[in-house]
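Undergrad: Taken in order, these protein sequences are the chains called B and A. Residue numbering for the first sequence is 1 to 318, as defined by the numbering used here. Residue numbering for the second sequence is 319 to 597, as defined by the numbering used here.
By construction, these hints were calculated from the structure, which means they are not laboratory data. Misleading hints may appear alongside valid ones.
In silico EDC-like pairs for lysine to aspartate or glutamate, Cα to Cα no more than 16 Å straight-line [what the hints assert, rightly or not]:
1. A/322 - B/44
2. B/147 - B/116
3. B/26 - B/306
4. B/97 - B/188
5. A/404 - A/429
6. B/191 - B/155
7. B/65 - A/568
8. B/147 - B/185
9. B/168 - B/105
10. A/322 - B/286
11. B/65 - A/482
12. A/404 - A/345
13. B/154 - B/185
14. A/323 - B/286
15. A/387 - A/345
16. B/65 - B/44
17. A/462 - A/482
18. B/191 - B/158
19. B/65 - A/581
20. B/65 - A/572
21. B/65 - A/591
22. B/134 - B/105
23. A/322 - A/345
24. A/462 - A/429
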Amino acid sequence: MTNPATEKVPFKTPHLAVEIAGVRFKNPVLTASGTFGYGLEFADLMDLNSIGGIVVKGLSMAPIKGNPPPRIYETSSGMLNAIGWQNIGATEFITKKLPLLRNYDTNIIVNIVGFELNEYLEVARFLNDCPGIKALELNISCPNVHKGGFHYNKDPKDTFTITAETRKASPRLPLWVKLSPNVTDIREFAKACEDAGADALSVVNTFIGMAIDIEKRQPRLRFRTGGLSGPAIKPIALRMVWEVCQAVKLPVIGIGGIAGTEDALEFLIAGARAVQVGTANFYRPDTSQRIALGLQEYCRSRHIDDINEIIGSLRNYE
Amino acid sequence: MLDKKVKVKDVRGLGSDNYLMTVSTPEQARLVRPGQFIMLKCVEDIDDNPLLRRPFTIFNIYRQARSGKPAGLELLIKDVGYGTHKLVQTRPGQTLNCLGPQGRGFQVSAEMRNRTEMGVLIAGGVGIAPLYLLAQSLMAHNVKPVLFYGSSTVEGLVLREYFERLNVEIHYATEDGSFGERGFITQPAAQFLKAHGQKNIRIYTCGPWAMMKAVHLLAVQYNLPCEVSLEARMGCSLGACLGCVVRSRDHHGEEQYLRVCQDGPVINSRLIDWDTVPL
Numbered sequence: 001m002t003n004p005a006t007e008k009v010p011f012k013t014p015h016l017a018v019e020i021a022g023v024r025f026k027n028p029v030l031t032a033s034g035t036f037g038y039g040l041e042f043a044d045l046m047d048l049n050s051i052g053g054i055v056v057k058g059l060s061m062a063p064i065k066g067n068p069p070p071r072i073y074e075t076s077s078g079m080l081n082a083i084g085w086q087n088i089g090a091t092e093f094i095t096k097k098l099p100l101l102r103n104y105d106t107n108i109i110v111n112i113v114g115f116e117l118n119e120y121l122e123v124a125r126f127l128n129d130c131p132g133i134k135a136l137e138l139n140i141s142c143p144n145v146h147k148g149g150f151h152y153n154k155d156p157k158d159t160f161t162i163t164a165e166t167r168k169a170s171p172r173l174p175l176w177v178k179l180s181p182n183v184t185d186i187r188e189f190a191k192a193c194e195d196a197g198a199d200a201l202s203v204v205n206t207f208i209g210m211a212i213d214i215e216k217r218q219p220r221l222r223f224r225t226g227g228l229s230g231p232a233i234k235p236i237a238l239r240m241v242w243e244v245c246q247a248v249k250l251p252v253i254g255i256g257g258i259a260g261t262e263d264a265l266e267f268l269i270a271g272a273r274a275v276q277v278g279t280a281n282f283y284r285p286d287t288s289q290r291i292a293l294g295l296q297e298y299c300r301s302r303h304i305d306d307i308n309e310i311i312g313s314l315r316n317y318e
Numbered sequence: 319m320l321d322k323k324v325k326v327k328d329v330r331g332l333g334s335d336n337y338l339m340t341v342s343t344p345e346q347a348r349l350v351r352p353g354q355f356i357m358l359k360c361v362e363d364i365d366d367n368p369l370l371r372r373p374f375t376i377f378n379i380y381r382q383a384r385s386g387k388p389a390g391l392e393l394l395i396k397d398v399g400y401g402t403h404k405l406v407q408t409r410p411g412q413t414l415n416c417l418g419p420q421g422r423g424f425q426v427s428a429e430m431r432n433r434t435e436m437g438v439l440i441a442g443g444v445g446i447a448p449l450y451l452l453a454q455s456l457m458a459h460n461v462k463p464v465l466f467y468g469s470s471t472v473e474g475l476v477l478r479e480y481f482e483r484l485n486v487e488i489h490y491a492t493e494d495g496s497f498g499e500r501g502f503i504t505q506p507a508a509q510f511l512k513a514h515g516q517k518n519i520r521i522y523t524c525g526p527w528a529m530m531k532a533v534h535l536l537a538v539q540y541n542l543p544c545e546v547s548l549e550a551r552m553g554c555s556l557g558a559c560l561g562c563v564v565r566s567r568d569h570h571g572e573e574q575y576l577r578v579c580q581d582g583p584v585i586n587s588r589l590i591d592w593d594t595v596p597l
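Work the whole structure out from these sequences, hints included.
TA: Quick look at the structure:
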């Protein structure tokens with residue numbers, strides 16, 4: 001007879017893979033658009049193969065120069081940014097960055113931006129035929145542009161239209177929609193996306209904020225306002241992810257101030273199928289790899305065979 | 319580029335809120351080229367505020383006394399805000415996360431030997447930071463450095479003894495006249511260039527925006543190459559966040575934004591749009 005108290009638990013690697021809209025991710029840790037460049041910038045500082053996916057910097061068809069500086073300012077446990085979509089354009093991404101990225105065993109998701117509906121559709125059509133891309137993430141939530149972006153996330157009808165049109169423009173690729181938290185009820189927008197044929201929701205983009213230089217009496221950012229990110233926003237983002245998970249059947253990717261394994265677990269328990277690490281990449285470049293390892297350790301130490309057991313496992317009080 | 323935990327060896331007050339911080343990090347010290355910087359977390363716990371690391375130019379490579387091998391970095395830090403204030407309060411023995419060396423430094427090449435007669439270095443205040451390694455590098459390439467070093471008062475002329483020990487020609491100016499010439503450092507620099515402008519000179523500058531702009535205009539006037547070392551609020555130093563940009567023109571005169579972290583921090587002054595102050 002063996003003594004159950006002293007018997008060694010056989011070594012078993014927990015199953016960390018998740019599926020989002022038919023695409024398998026080796027683990028539920030991704031990096032958020034705009035915080036990880038085109039991925040390659042971080043190749044010397046972490047193992048890009050260790051994470052489920054990379055959402056690259058928002059791409060438009062033609063390159064965008066971005067906003068005049070100052071573009072960033074640090075605040076308590078967070079930062080404001082108003083970059084304004086500076087990017088190299090879809091063609092250069094496909095020819096110069098994607099071939100190198102494809103050497104890594106991780107999923108590439110492309111965040112797409114545009115100032116007009118047609119610009120979104122043009123880049124969605126173009127990327128639809130590019131091998132090596134696993135999904136599109138429709139950015140209708142950037143608060144740092146005067147046209148496009150957040151302006152499609154102010155009325156659920158507009159959100160429905162752009163989602164449905166992009167869905168048609170890019171039939172081959174799963175379509176994720178990245179939602180803004182700067183709305184009265186995020187669930188209405190989540191439902192609009194679901195009705196329009198979106199495959200998943202990224203929740204949430206940055207919160208519109210502001211900081212002022214009291215000597216110059218000027219905004220710290222030239223754009224005046226910016227998107228607040230970092231640990232400061234985590235509790236609000238988590239609440240919104242939980243709300244959206246209740247409201248729609250679509251898989252949700254949780255984003256907002258995730259800097260460690262515990263943060264990621266909170267989002268997963270709230271119902272997120274995966275998470276994206278954002279601002280933490282800036283000050284600890286290998287945060288996403290650490291979280292992927294941390295999730296494995298959490299599952300192993302608690303005898304959880306499959307991470308999917310955790311997802312949406314939030315318990316109510318008696 | 320390496321991301322290391324480095325040990326604080328010394329934090330020495332230089333007056334006027336300036337400090338010279340020495341950190342032990344032989345592997346990173348071996349990689350440094352003049353004009354490069356590191357990203358330093360200002361507190362021991364990487365999850366603590368301030369979240370973002372701060373960029374600091376590498377003033378000097380600290381070497382082992384006996385072997386002379388690179389052992390660490392000397393950083394000039396001005397206590398100007400929350401992050402730098404935390405940083406200068408760290409004590410010897412504490413460890414900090416340090417990423418680097420980062421960025422494009424000064425263009426110093428073997429081709430300059432015998433072609434460039436002189437390097438004119440123009441610094442304002444803590445803008446002296448990138449010029450010490452540069453001065454040594456120029457001397458190693460047989461190019462004579464001439465330093466113009468200005469500040470508002472004599473207390474701001476920190477670390478000048480390092481340059482005096484190199485035995486290079488130095489001109490000082492202070493706005494209050496407490497040391498050297500009274501006024502802006504660009505005045506003696508302009509006189510010098512007027513006298514020597516025909517020679518094969520390269521200009522290198524670092525300091526307040528207005529000073530660098532004035533130096534750029536001198537370089538244009540005398541048709542001399544000029545490199546500027548820029549400062550910016552920086553998120554990542556990896557070229558990912560695009561937060562640290564400066565407005566520039568490409569070859570066709572089209573406006574574009576250069577990343578101070580990766581396209582700089584040292585940039586040809588003629589590429590910069592000097593009418594748009596980035597900070």
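Undergrad: Hint by hint, note whether the structure agrees.
TA: Structure-based check of each hint:
1. A/322 - B/44: 13 Å, holds
2. B/147 - B/116: 7 Å, holds
3. B/26 - B/306: With a Cα-Cα distance of about 12 Å, the restraint between residue 26 of chain B and residue 306 of chain B holds, given a limit of 16 Å.
4. B/97 - B/188: 36 Å, violated
5. A/404 - A/429: Violated, at about 43 Å.
6. B/191 - B/155: 12 Å, holds
7. B/65 - A/568: 12 Å, holds
8. B/147 - B/185: Distance of about 22 Å is beyond 16 Å: violated.
9. B/168 - B/105: Answer violated: residue 168 of chain B to residue 105 of chain B is near 29 Å, above 16 Å.
10. A/322 - B/286: 12 Å, holds
11. B/65 - A/482: Not satisfied, since the Cα-Cα distance of roughly 44 Å exceeds 16 Å.
12. A/404 - A/345: Violated, at roughly 25 Å.
13. B/154 - B/185: Given pair residue 154 of chain B, residue 185 of chain B holds - Cα atoms ~11 Å apart, limit 16 Å.
14. A/323 - B/286: 14 Å, holds
15. A/387 - A/345: Roughly 11 Å between the alpha carbons, so the hint for residue 387 of chain A and residue 345 of chain A holds.
16. B/65 - B/44: With Cα atoms ~27 Å apart, residue 65 of chain B and residue 44 of chain B exceed 16 Å; violated.
17. A/462 - A/482: 14 Å, holds
18. B/191 - B/158: Holds, at about 12 Å.
19. B/65 - A/581: 15 Å, holds
20. B/65 - A/572: 10 Å, holds
21. B/65 - A/591: 14 Å, holds
22. B/134 - B/105: 12 Å, holds
23. A/322 - A/345: 9 Å, holds
24. A/462 - A/429: 15 Å, holds
Hints 4, 5, 8, 9, 11, 12 and 16, counting from the list given before, are not met by this structure.
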